[in-house]
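Q: Here is what each chain is made of, one letter per residue.
There are 2 protein chains.
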Amino acid sequence: MVRWQPGAPERLQKAALELFATRGFEQTTAAEIAQAVGLTERTFFRHFSDKREVLFQGQELLAQTFLEGVATAPPGASPLDVVAHALRSVSAFFPDERRSHSRLRQSVIDRNPALQERERHKLTTLATTVADALRTRGVGEPAATLAAESGVTVFGISFIQWLREGEERSLASIIGEVFDELLKLAGNATVGREVR
Amino acid sequence: MVRWQPGAPERLQKAALELFATRGFEQTTAAEIAQAVGLTERTFFRHFSDKREVLFQGQELLAQTFLEGVATAPPGASPLDVVAHALRSVSAFFPDERRSHSRLRQSVIDRNPALQERERHKLTTLATTVADALRTRGVGEPAATLAAESGVTVFGISFIQWLREGEERSLASIIGEVFDELLKLAGNATVGREVR
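Those protein sequences? They're chains V and R, same order as listed. The numbers in the numbering used here rise by one with no breaks, and the one at position 66 of the first sequence is 66. The numbers in the numbering used here rise by one with no breaks, and the one at position 153 of the second sequence is 153.
Think of the hints as simulated: they come from the structure by calculation, not from any bench. Any given hint might turn out to be false.
Taking lysine to aspartate or glutamate and the EDC-like style, the derived pairs with C-alpha atoms no more than 16 Å apart in a straight line are [claimed, not checked]:
{"id": "1", "chain 1": "R", "residue 1": "LYS184", "chain 2": "V", "residue 2": "GLU18"}
{"id": "2", "chain 1": "V", "residue 1": "LYS122", "chain 2": "R", "residue 2": "GLU117"}
{"id": "3", "chain 1": "R", "residue 1": "LYS14", "chain 2": "R", "residue 2": "GLU53"}
Here are some of the chain V residues that sit facing chain R, going by a computed Cβ distance under 8 Å [stated by the list, open to error]:
{"id": "4", "residue": "LEU182"}
{"id": "5", "residue": "ALA189"}
{"id": "6", "residue": "THR190"}
Bear in mind that the values here come from a model prediction, so they are computed numbers and not experimental data. Glycine residues also receive a C-beta, built at the ideal position from the N, C-alpha and C atoms.
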């Protein structure tokens, strides 16, 4: 019988991040991660399909949170307002207590091109899923894709800023400012019609 | 001595696309492409580093065109106006005569996940380069990244629409409409400030 071990995934994740950060991602095995917290490799694989998953499991939850935010926005909200509503849910997902964990994770990803690629890919997929969710709310194209891509871009810029050394503003506050900047940029554009 | 063969790259590219489309990308070799137009494999590799390059060489030119468009926008233009100016140069790069070639190329890419990944990656890189170019013009952050990402998103959406079966509008006209839609979306957003 498999005994449930409270906190095992969290302990594994913490140990994995520390090993990835100090030894390098490639140089760390699942067995070593498990060993570092007194668990077996088998236990590791009960929680994660591979060592890469330790870094990306959170992204599934992020996507889910984003989509729930889209679904629960007030009926009749404009597409970018729906996205703004979703970004509020996403901000709550990254409280300041999580910042040092996220920084460590990012430092591991920044040093490995394959992990960077996967991170980028997940954000692209996120934009596609958010566009689907907006269409489900009755938003047409190209509005759905434009709003979804804008939302993911605002999130991406804000998240990187939130992780910067010395940054102390909350993610919610940074997202708010970047979102405002986007609206300001659009307000200052004069030549939309001239493009054609 | 290497003799210059007029039109060799164009002939190779045309033959490659046709072979990729009928036989599949993986199933086609550089030697077969060369053979199809009476050239040697050696000649093929004088023009392309590998068969994948036949599909992506144009993207380098696209990036160059985009950057030139950013550089030659009127001084003092707002960031999104600079991007709109660049998109005009980019449109000129895809006249209607090129549509059937681009459709064939897209059908090859759509059937191969690795090629899709590369296409996506090139667009991400393009956004980064355009943001650099905007910063060179004195645009700060996050405005530069927001404007660059918006421009690449508008291009991406418009380009896919331009390739659709039955679509007859020019790329310039589609880009103009998608760009307008983006400005309209921003104009309808009310809660920017509430996000934080």
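Q: If a hint holds in the structure, say so; if it doesn't, say that too.
A: Going through the hints against the structure:
1. LYS184(R) / GLU18(V): Given pair LYS184(R), GLU18(V) is violated - Cα atoms ~46 Å apart, limit 16 Å.
2. LYS122(V) / GLU117(R): 12 Å, holds
3. LYS14(R) / GLU53(R): Measuring from Cα to Cα gives roughly 13 Å; hence the hint holds.
4. LEU182: 5 Å, holds
5. ALA189: OK, holds: ALA189(V) within 8 Å of chain R, min 4 Å.
6. THR190: 6 Å, holds
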